[in-house]
Amino acid sequence: MANRLIAMSVSVFTNTPTLGQSKIHTRAREIIKSSKAFCETDECSPAAKQIIALLTSLLEASSTNSQLHSTESIDEHRRQHSIVIANLPESANGSAQTRVREDTKHVKDILDQLEIEAAPITVYRMGKRGENSPRLLKVEMPTKQHTRRILQTKNNLSNSQVYSQVRIRASLTPEDLAKRAELIKKCNEMRTSDPDKQHDFVVWRGQIIRRAEIQDKLDEEKEKANT
Numbered sequence: 014m015a016n017r018l019i020a021m022s023v024s025v026f027t028n029t030p031t032l033g034q035s036k037i038h039t040r041a042r043e044i045i046k047s048s049k050a051f052c053e054t055d056e057c058s059p060a061a062k063q064i065i066a067l068l069t070s071l072l073e074a075s076s077t078n079s080q081l082h083s084t085e086s087i088d089e090h091r092r093q094h095s096i097v098i099a100n101l102p103e104s105a106n107g108s109a110q111t112r113v114r115e116d117t118k119h120v121k122d123i124l125d126q127l128e129i130e131a132a133p134i135t136v137y138r139m140g141k142r143g144e145n146s147p148r149l150l151k152v153e154m155p156t157k158q159h160t161r162r163i164l165q166t167k168n169n170l171s172n173s174q175v176y177s178q179v180r181i182r183a184s185l186t187p188e189d190l191a192k193r194a195e196l197i198k199k200c201n202e203m204r205t206s207d208p209d210k211q212h213d214f215v216v217w218r219g220q221i222i223r224r225a226e227i228q229d230k231l232d233e234e235k236e237k238a239n240t
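Here the sequence shown is numbered in my numbering, starting from 14 and rising by one per residue.
It should be emphasised that the hints constitute simulated quantities derived from the structure, not laboratory data. No incorrect hints appear here.
Restricting the straight-line Cα-Cα distance to at most 35 Å, the calculated cross-link-like pairs of lysine-lysine (DSBU-like) are:
(1) Lys235 x Lys151
(2) Lys118 x Lys157
(3) Lys192 x Lys141
(4) Lys157 x Lys167
Restraint ranges, calculated between C-beta atoms of paired labels, are given here:
(5) Lys237 x Leu185: 23 to 31 Å
(6) Lys141 x Ile227: 30 to 38 Å
(7) Asp207 x Ala132: 37 to 45 Å
(8) Asn106 x Arg204: 33 to 41 Å
(9) Val113 x Pro208: 38 to 46 Å
(10) Gly219 x Arg142: 24 to 32 Å
(11) Ser70 x Ser104: 52 to 60 Å
(12) Asp88 x Asp207: 36 to 44 Å
(13) Arg193 x Asn106: 29 to 37 Å
(14) Asp213 x Gln158: 30 to 38 Å
(15) Thr135 x Arg193: 19 to 27 Å
(16) Ala132 x Ile87: 15 to 23 Å
(17) Lys237 x Val113: 35 to 43 Å
All C-beta atoms in this analysis are idealised placements derived from N, C-alpha and C, irrespective of residue type, glycine included.
Produce the complete structure using the sequences and hints provided.
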């Protein structure tokens, strides 16, 4: 029995690359349960108990890591399918579901103006409601291709009569959000040190540039894409 449990434990580690995360977790829990039960019997020698205890600890760690990896993969998948909309006014309606419907309608109107042929999966405001400014709006799309297309065409909203002040960015990791916050802080400092406002500094694609330079960079990208 001890040899069989040890062999089963080793197989989990050697076959980890080919096993799915859920299978690793399930198999590990089964072996841990059997191992603990066997160690309480007279059949289990002191040496076998030591080996099984060590393998049980390793299996528990492997199972925990597989769960964490699975959660991170899901989060990353959702992040790649999501965008964040800023400066979209919030409804003053007293009904929460009515506010959600109005937000969803605005999102669909924006997607229509950007010629995105897909409906959003999820639309929701982040954080608590406040009086000073509208909360950020998170939108999850069916595929990351739709998300990429939105980010590529978002500047077309500058010509919109309704949504010209709306800003759209990718959904960011906590680390990326911290970097962005630092860039925004630095950008604001650069604006303050330019009292005559000769340069309209903005944060664009992870860097600080003059607003007037954005169109030139977009034109360069189009040129490269066409060559």
